[in-house]
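From just these sequences and the hints, can you work out the full model?
2 protein chains.
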Amino acid sequence: MGNIVEPRTLSGFMELLPKDQIEFNRLQNIIKQTYEQFGFLPIDTPIIEDSNVLLAKAGGETEKQIYRFEKGDNDLSLRFDLTVPLAKYVAKNYGVLNFPFRRYQIGKVYRAERPQKGRYREFYQCDIDVIGDGELSITNDAEMPSIIYQIFKRLDFGKFTIKINNRKILGGFFESLGLENQITNVLRIVDKIDKVGKDNVEKMLADENVPADKVSKIIEFVSTKENVVGYLENLNISNDNFVKGLEEIKIVSKYMEAFGIPKDYYAIDLSIARGLDYYTGTVYETVLDEHPELGSVCSGGRYENLAEYYTNKKLPGVGISIGLTRLFYVINEYKLIKENKQKSISKVIVVPMIDDLTYPIEVATKLRAKGINTELFFEEKAFKKKLNYANKQEIPYAIIIGEDEVAQKMVTVKDMNTGDQKTCSIDEI
Amino acid sequence: MGNIVEPRTLSGFMELLPKDQIEFNRLQNIIKQTYEQFGFLPIDTPIIEDSNVLLAKAGGETEKQIYRFEKGDNDLSLRFDLTVPLAKYVAKNYGVLNFPFRRYQIGKVYRAERPQKGRYREFYQCDIDVIGDGELSITNDAEMPSIIYQIFKRLDFGKFTIKINNRKILGGFFESLGLENQITNVLRIVDKIDKVGKDNVEKMLADENVPADKVSKIIEFVSTKENVVGYLENLNISNDNFVKGLEEIKIVSKYMEAFGIPKDYYAIDLSIARGLDYYTGTVYETVLDEHPELGSVCSGGRYENLAEYYTNKKLPGVGISIGLTRLFYVINEYKLIKENKQKSISKVIVVPMIDDLTYPIEVATKLRAKGINTELFFEEKAFKKKLNYANKQEIPYAIIIGEDEVAQKMVTVKDMNTGDQKTCSIDEI
Numbered sequence: 003m004g005n006i007v008e009p010r011t012l013s014g015f016m017e018l019l020p021k022d023q024i025e026f027n028r029l030q031n032i033i034k035q036t037y038e039q040f041g042f043l044p045i046d047t048p049i050i051e052d053s054n055v056l057l058a059k060a061g062g063e064t065e066k067q068i069y070r071f072e073k074g075d076n077d078l079s080l081r082f083d084l085t086v087p088l089a090k091y092v093a094k095n096y097g098v099l100n101f102p103f104r105r106y107q108i109g110k111v112y113r114a115e116r117p118q119k120g121r122y123r124e125f126y127q128c129d130i131d132v133i134g135d136g137e138l139s140i141t142n143d144a145e146m147p148s149i150i151y152q153i154f155k156r157l158d159f160g161k162f163t164i165k166i167n168n169r170k171i172l173g174g175f176f177e178s179l180g181l182e183n184q185i186t187n188v189l190r191i192v193d194k195i196d197k198v199g200k201d202n203v204e205k206m207l208a209d210e211n212v213p214a215d216k217v218s219k220i221i222e223f224v225s226t227k228e229n230v231v232g233y234l235e236n237l238n239i240s241n242d243n244f245v246k247g248l249e250e251i252k253i254v255s256k257y258m259e260a261f262g263i264p265k266d267y268y269a270i271d272l273s274i275a276r277g278l279d280y281y282t283g284t285v286y287e288t289v290l291d292e293h294p295e296l297g298s299v300c301s302g303g304r305y306e307n308l309a310e311y312y313t314n315k316k317l318p319g320v321g322i323s324i325g326l327t328r329l330f331y332v333i334n335e336y337k338l339i340k341e342n343k344q345k346s347i348s349k350v351i352v353v354p355m356i357d358d359l360t361y362p363i364e365v366a367t368k369l370r371a372k373g374i375n376t377e378l379f380f381e382e383k384a385f386k387k388k389l390n391y392a393n394k395q396e397i398p399y400a401i402i403i404g405e406d407e408v409a410q411k412m413v414t415v416k417d418m419n420t421g422d423q424k425t426c427s428i429d430e431i
Numbered sequence: 003m004g005n006i007v008e009p010r011t012l013s014g015f016m017e018l019l020p021k022d023q024i025e026f027n028r029l030q031n032i033i034k035q036t037y038e039q040f041g042f043l044p045i046d047t048p049i050i051e052d053s054n055v056l057l058a059k060a061g062g063e064t065e066k067q068i069y070r071f072e073k074g075d076n077d078l079s080l081r082f083d084l085t086v087p088l089a090k091y092v093a094k095n096y097g098v099l100n101f102p103f104r105r106y107q108i109g110k111v112y113r114a115e116r117p118q119k120g121r122y123r124e125f126y127q128c129d130i131d132v133i134g135d136g137e138l139s140i141t142n143d144a145e146m147p148s149i150i151y152q153i154f155k156r157l158d159f160g161k162f163t164i165k166i167n168n169r170k171i172l173g174g175f176f177e178s179l180g181l182e183n184q185i186t187n188v189l190r191i192v193d194k195i196d197k198v199g200k201d202n203v204e205k206m207l208a209d210e211n212v213p214a215d216k217v218s219k220i221i222e223f224v225s226t227k228e229n230v231v232g233y234l235e236n237l238n239i240s241n242d243n244f245v246k247g248l249e250e251i252k253i254v255s256k257y258m259e260a261f262g263i264p265k266d267y268y269a270i271d272l273s274i275a276r277g278l279d280y281y282t283g284t285v286y287e288t289v290l291d292e293h294p295e296l297g298s299v300c301s302g303g304r305y306e307n308l309a310e311y312y313t314n315k316k317l318p319g320v321g322i323s324i325g326l327t328r329l330f331y332v333i334n335e336y337k338l339i340k341e342n343k344q345k346s347i348s349k350v351i352v353v354p355m356i357d358d359l360t361y362p363i364e365v366a367t368k369l370r371a372k373g374i375n376t377e378l379f380f381e382e383k384a385f386k387k388k389l390n391y392a393n394k395q396e397i398p399y400a401i402i403i404g405e406d407e408v409a410q411k412m413v414t415v416k417d418m419n420t421g422d423q424k425t426c427s428i429d430e431i
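Residue numbers (our numbering), protein chains in the order written: chain U, 3 to 431; chain C, 3 to 431.
The set of hints was computed from the structure by calculation and includes no laboratory data.
A few of these clues could be false.
The list makes no distinction among identical chains, and a pair is therefore deemed to hold if it is satisfied within one copy or across any two copies.
Claimed, not checked - Result set (BS3-like, lysine-lysine): computed pairs, CA atoms no more than 30 Å apart in a straight line: (1) 197 <-> 343; (2) 165 <-> 34; (3) 387 <-> 256; (4) 388 <-> 94.
Pasting the structure below:
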């Protein structure tokens, strides 16, 4: 035998113990089931793509983080998000897809980020998007927050708020101030208001050559949190962008209510912008009220054209994304997982106390046929060691089978939490 | 805007349309649910591993097929199976795992094989293994075929046969002939008997310097299909290997019956061997009776030592693997998928015939709250186009809402298969 190699996992790659994996999968399943409840269709694109295809758009910081390599004559890259593969997929299958095309995809993506706590190089994204052929009703923008609401209600990490804004309102407002070319810089500065204070923000905006009267207007704009629609209407801004954005956010607000999202679970927040070069209408962020420091746990928005690098067809869309790996990391750090979470795959463990395993096998087979996840302990060990195994597995019930049980065709059921025991027939379980 | 890049997917990578993806996921879910029903725990290891760790054992043909590349200072490889990552995982987490450790893993693996029909470079493996700490009861070997049985019953691709053999019987038999060093070559030749005929096999064995009297014994051995245990007992071979193997296959046979596998669904087949350098006891293959040409659709076996490259602990195990991507390809090629398969994610599509979508949204929200997957059609299109969309989605029921329905707080339900319509209240649906 050769040398022993240390069995290590690369840093930046999450690899969980089974108990944590059970919980991770439970959360992922909530997301998947909710996406399906809203009628999204599954797709599963390759993790490896041709670099020319995958990087048709990418550049700068993203490109540096990409795992790119050659194999034979192929220049290959690992996907870094699920949006570019979706664009490729929709352009490729344009002729056979049924539009509006509603798809979900849950899968791993790869970015060689500098390793640090809570940053992963391999992580799950859970995405939905609705893609229109040429056009897409604004009503779709109201359904997205209702999906976020259902998911985070079920995930049960405490009270949360879905923040919505509209990129056209932002654009129109800055246009009315003659600052349309400075939006990105100005918003980046304004975003720091909670950290550095109002005075510093005013100073930084002045350094960007924003006149003092406009600075105060901007700060008022991003700070307005109550009756935002009324505030926007009173601004009396008449450029097309602003008027269109205001109209859109009114429709979205109206239908969000019809979707049954309680009023205290969403808010129009004029300070959120998301990727300004990409989103063109509604934008979303989701914050956990008790942990705003975690940032947005579910984001997305409306874009004008999904696949311009792959097709001349205009394909507007709206979508959201949940970064589940990072989310799982932070909810564990902040201990937001409920104590009563699922701890085992099996409901029952069958523990034979006899040599002939025929009857224990028949019992386990009957339970499994009833749809009960059942583990069967085969090893020849002392009784205490067998129960110790069952305890460590955190399986709620043990079925103990000794000679008496075999003779009477009965089983003894032990509640592993309370220690209570009861002897009964298989059908009575 | 720049040039249009052709949105192509690499050859050797399966990328399905949504309808096929729904079916693929349904099959994967059957496998997953069955694994969980038998109490296997989920793990999810990274797709990228350190090359030194992943390739501790590999060599030869496998190594050529590996996607290996550098990023920064790291020498990285994509996993080519789920067994090596399991070995790493068990060795790494030895101190905290509860043995016997029963895990399932379903995930993509990567091999840069020469592209050809039905061969994939990215494909799903669905694996279970039970790993013992130092020792592992032979009874586990009887549970594996019962899991194969449950899965392929539910997958419903027609009658199948689980073939089992024992590596020790093979070894002991060839040892009794003094041919223990020629097992691999001899079995490879014998395996061709159906293709090239008995005479040619006899000739090829003679070329391998196998004496004529032994050739006939070998051919009798691998051709015995009835009362195999009786035949083996009558051979009166007394070496330890053979005796142990015979004892093991008797226990496995006995308990397979207790697990409820019908007798015509399994057979001892002395001609199957699997990877001779790896398996040491029971081995499994599964063939579809009507399509033996597909080869084994689920294979596995017992091995002595899972993780010898990562630890000095002896970790015997037994496991099986289903290559789902290739399986999905062949069942489609051979049209083994039932016509009544699931065709849509949604049970219902709500089709509004009115401008104000408040009531349709409320109806969809109520259905979703009842756990019914519901799609809501938002776009402003002609009635016919809306129904055309619903038809293409193959959603079984459409709920049509016009002005009358809103006024009466009713809905009209249309069975999309029969065309029948009925107006009723939401709760009546």
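Hints violated by the structure (numbers, ascending): 1
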